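> The lines below spell out each chain.
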Amino acid sequence: MFEAILLTVITASTPLVLAALGELVTERSGVLNLGVEGMMIMGAACAFVAAQLTGSPYIGLLAGILGGGVFSLLFGLLTLTLVANQVATGLALTILGLGLSGQIGEAFVGQPGIKLQPIVFPLLSDIPFFGRVLFAQDLTFYLSVVLVIGINWFLFRSRTGLKLRAIGDNHASAHALGINVIRTRYLAVMFGGACAGLAGAQLSLVYTPQWVENMSAGRGWIALALVVFASWRPWRVLAGGYLFGAVGIGQLHAQILAQNLGIVIPSQFLSALPYAATIVVLIIISHNRRTTLINTPASLGKPFVPDR
Amino acid sequence: MTLSEGPTTVPLLSVRGLTKLFGSFAACNAIDLDIAPGEIHALLGENGAGKSTLVKMLFGVLQPSAGQILWQGAPVTIASPGEARQLGIGMVFQHFSLFEALTVAENIALSLDPKISLARISDEAASLSKAYGLPLDPKAHVADLSVGERQRIEIVRALLQNPRLIILDEPTSVLTPQEADRLFETLFKLKAEGRSVLYISHRLEEVRRICDRATVLRHGKVTGACDPKQETPASLARMMVGSDVAEVHRDNAAALGDIRIEVSNLSVPARTPFAVSLKNVAMKVRAGEVLAIAGVAGNGQGELFDALSGEYPVAADEAIRIRGKAVGRTGINGRRLLGAGFVPEERHGHAAVSAMVLSDNLLLARSQSDKKAFLSGGAFSVIRFDAIRSATRRICEAMDVRKSGEDPQAGSLSGGNLQKFIVGRELDRQPSVLVVNQPTWGVDAGAASRIRQALIDLAKSGSAVVVISQDLDEIFEVATNIAVISEGRLSEPHPAGTLTLERIGLLMGGIHESHSNPEAAHAH
Numbered sequence: 001m002f003e004a005i006l007l008t009v010i011t012a013s014t015p016l017v018l019a020a021l022g023e024l025v026t027e028r029s030g031v032l033n034l035g036v037e038g039m040m041i042m043g044a045a046c047a048f049v050a051a052q053l054t055g056s057p058y059i060g061l062l063a064g065i066l067g068g069g070v071f072s073l074l075f076g077l078l079t080l081t082l083v084a085n086q087v088a089t090g091l092a093l094t095i096l097g098l099g100l101s102g103q104i105g106e107a108f109v110g111q112p113g114i115k116l117q118p119i120v121f122p123l124l125s126d127i128p129f130f131g132r133v134l135f136a137q138d139l140t141f142y143l144s145v146v147l148v149i150g151i152n153w154f155l156f157r158s159r160t161g162l163k164l165r166a167i168g169d170n171h172a173s174a175h176a177l178g179i180n181v182i183r184t185r186y187l188a189v190m191f192g193g194a195c196a197g198l199a200g201a202q203l204s205l206v207y208t209p210q211w212v213e214n215m216s217a218g219r220g221w222i223a224l225a226l227v228v229f230a231s232w233r234p235w236r237v238l239a240g241g242y243l244f245g246a247v248g249i250g251q252l253h254a255q256i257l258a259q260n261l262g263i264v265i266p267s268q269f270l271s272a273l274p275y276a277a278t279i280v281v282l283i284i285i286s287h288n289r290r291t292t293l294i295n296t297p298a299s300l301g302k303p304f305v306p307d308r
Numbered sequence: 001m002t003l004s005e006g007p008t009t010v011p012l013l014s015v016r017g018l019t020k021l022f023g024s025f026a027a028c029n030a031i032d033l034d035i036a037p038g039e040i041h042a043l044l045g046e047n048g049a050g051k052s053t054l055v056k057m058l059f060g061v062l063q064p065s066a067g068q069i070l071w072q073g074a075p076v077t078i079a080s081p082g083e084a085r086q087l088g089i090g091m092v093f094q095h096f097s098l099f100e101a102l103t104v105a106e107n108i109a110l111s112l113d114p115k116i117s118l119a120r121i122s123d124e125a126a127s128l129s130k131a132y133g134l135p136l137d138p139k140a141h142v143a144d145l146s147v148g149e150r151q152r153i154e155i156v157r158a159l160l161q162n163p164r165l166i167i168l169d170e171p172t173s174v175l176t177p178q179e180a181d182r183l184f185e186t187l188f189k190l191k192a193e194g195r196s197v198l199y200i201s202h203r204l205e206e207v208r209r210i211c212d213r214a215t216v217l218r219h220g221k222v223t224g225a226c227d228p229k230q231e232t233p234a235s236l237a238r239m240m241v242g243s244d245v246a247e248v249h250r251d252n253a254a255a256l257g258d259i260r261i262e263v264s265n266l267s268v269p270a271r272t273p274f275a276v277s278l279k280n281v282a283m284k285v286r287a288g289e290v291l292a293i294a295g296v297a298g299n300g301q302g303e304l305f306d307a308l309s310g311e312y313p314v315a316a317d318e319a320i321r322i323r324g325k326a327v328g329r330t331g332i333n334g335r336r337l338l339g340a341g342f343v344p345e346e347r348h349g350h351a352a353v354s355a356m357v358l359s360d361n362l363l364l365a366r367s368q369s370d371k372k373a374f375l376s377g378g379a380f381s382v383i384r385f386d387a388i389r390s391a392t393r394r395i396c397e398a399m400d401v402r403k404s405g406e407d408p409q410a411g412s413l414s415g416g417n418l419q420k421f422i423v424g425r426e427l428d429r430q431p432s433v434l435v436v437n438q439p440t441w442g443v444d445a446g447a448a449s450r451i452r453q454a455l456i457d458l459a460k461s462g463s464a465v466v467v468i469s470q471d472l473d474e475i476f477e478v479a480t481n482i483a484v485i486s487e488g489r490l491s492e493p494h495p496a497g498t499l500t501l502e503r504i505g506l507l508m509g510g511i512h513e514s515h516s517n518p519e520a521a522h523a524h
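Chain order of the listed sequences is A and B.
Mapping to my numbering: the first sequence position 133 is 133, numbers consecutive.
Mapping to my numbering: the second sequence position 280 is 280, numbers consecutive.
Chain A with its partners taken away, still in its complex shape (with noise of 0.2 Å):
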């Protein structure tokens, strides 16, 4: 039993996790996506079409996060060449994302999917209490935590890590060092996008393998909240994931039980908690005013218009 809500608890918080990982790189170069709820979903759609036309989960895993990366490119060249305003272009990225999404898996409502399969270490697998949850899942899951590492190394440890921290606090001066903002800022773009449209491709492969309109369900905004939450730290990405997605499946166990023990609380109270959660969080963060400033990015949501 125990076991189990493990398990779920970690399927509803991978794409959480993906998804913010990559806002959260995208953030650290100075650029707000809020497009992330779109670019998932079009990961999602991609995944499951391409999945469904050849018959490998794994060809559908890289649409998506083809999909979602290419999808971000859009948002790139109207936000980084063009100039437009982030947030406007981010809220259209979402808005065009859900119906373009509708339309690509269109005639693929209904279909049964196919499910990304785990990959079982043997032994590992075998240790009591953790070792199923831990060794015996699915490719994504491996590859948010490889994630986890990984962006913690590049932006803290590797010196292109440290440029895309120094633009993202101050670009004019990051400009003036040399450094290219604009292109590292398309790469951080790409980056989120990439991983936005492979947890999409979580969703429709892993979590709920078929194709419904919507199946995001605002997960992308919660990544957008965790990133915030985290201070902009991957491993604070992790855990804020995992929280979300234990908060996110405990109401739908105490719903359960509240219906078995006979007490009535509506169901639309206990399904907006990971929401309320978010708030609550948000405010018990946002406290510590040090911290956040430290790590916010400076330059976070505003255009670079190299003087020449």
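Don't read these hints as lab results, they were simulated from the structure.
One or more hints might be untrue.
Here are the computed lysine-lysine pairs in the DSS-like style, where the Cα-Cα straight-line distance is at most 30 Å [what the hints assert, rightly or not]: (1) K163(A) / K279(B); (2) K163(A) / K139(B); (3) K221(B) / K130(B); (4) K115(B) / K163(A); (5) K372(B) / K302(A); (6) K191(B) / K221(B); (7) K139(B) / K325(B).
A few chain B residues that face chain A, going by a derived Cβ cut-off under 8 Å, partial list only [stated by the list, open to error]: (8) L21; (9) G23; (10) E100; (11) A109; (12) L190; (13) T272.
If you want the footprint, here are the derived chain A segments under chain B, 3+ residues with CB under 8 Å [said to hold, decoys possible]: (14) 133-146; (15) 163-171.
Here the structure is a predicted model, which means the values were calculated and not measured.
Note that beta-carbon positions come from the ideal geometry of N, C-alpha and C, so glycine has one too.
Based on these hints, arrange chain B on the given structure of chain A.
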């Protein structure tokens, strides 16, 4: 160039006919400049003379519209700061190009070869900073450092690349006199090693003290090249400004009247991690007095101004009294109604809305304090355009504001003219208390002397004036009494005549009378 001068006279850097156009406006116009190896060369000029534009071109941040740059006699194109560094040009910017959220070592690493490890950079930076007398902790976050320390990072960063030419843009504007002396020692060391320094400044005394040659810019053109040691400050100023600058006149100290603004026991916690908290600030300013508050930038000047003006009211109502009335919790308009006037530091976006015309800016500031004059119709508050336009005209005439058109946008005025308007806007009310923060920051010498004279005249007519400034020349010009702010603490006021530059410098460095142990300054 003759042969007898030998090969060493090939200039390290030459500039021929360098021009930079922004639209049809020539920020730099056909500039010629030669910098010899091992010399400290001054680039003198008013704000807006084109100094910064010129050095940005030399450092590859901007591309010239026309003209040529020669490095050791060979023509070069400097397409980026990276290329400038490769040639051997290092730059210390006026507005620091530092990243507040990163550590000192990380900041330095950003401009170095990516193959060098962060640990080695830390070591080299530490040893270099020791060799040149610029103490630095590589692991500290920039956000936690003082302005002087931040400048050291910039200098060490430039030195780590072993440059032949170091460009310093207004380096002493943020330093105490003692810190400036240390910087000069560093510059002499660099010169002794055969490196060249391009030293940008509008401070004539220090240019005469340390520079071997000077090139003077005005309106984007070279107006003179000279040996600054052979010139007087007045002759240099004439080259910079193009005419003689009016001297500020002050009569003998008039008798002081009643206390107009009194601050006692004012403590304000820092609003943000980067702000300074005010600690037990106390002061009294009488009618007829100009109290000048000196201090290095970032020591609580802005916070003190916010508390005095009521932009951020303070918790203790009794801590601030204007004309005897406790106003600590009163907002800015309430204080204005008591006869106080306030001029904040930033012209654009704070003291004035750049995109609005002058008359609108006048109304914004005085809509409450001059309600009767500017608004009619009772609760409807209909704007009386004729009244605000004539008041605008009156202010512009009184302060000699040069503008294009009758009522132009605030943003279209030059810094000096807009500042004259903003100060004039308050003077026009004949405030009985005036608080000004950095009244002549980034303003040309003509406008600065006009503003200073107006402040002195206001005090003479029986008002109390508080001037917060970083410019010590200005402080000595206008002050009756001088107090120094350091790390949010305000010193006792001293009569201006009894203070020397040295003494103010010590106070600015945070050495207070109570504990004059020199070690105390290094302890923090």
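> Which constraints among the numbered hints does this structure fail? Numbers only, ascending.
1, 3, 5, 7, 8, 9, 12, 14
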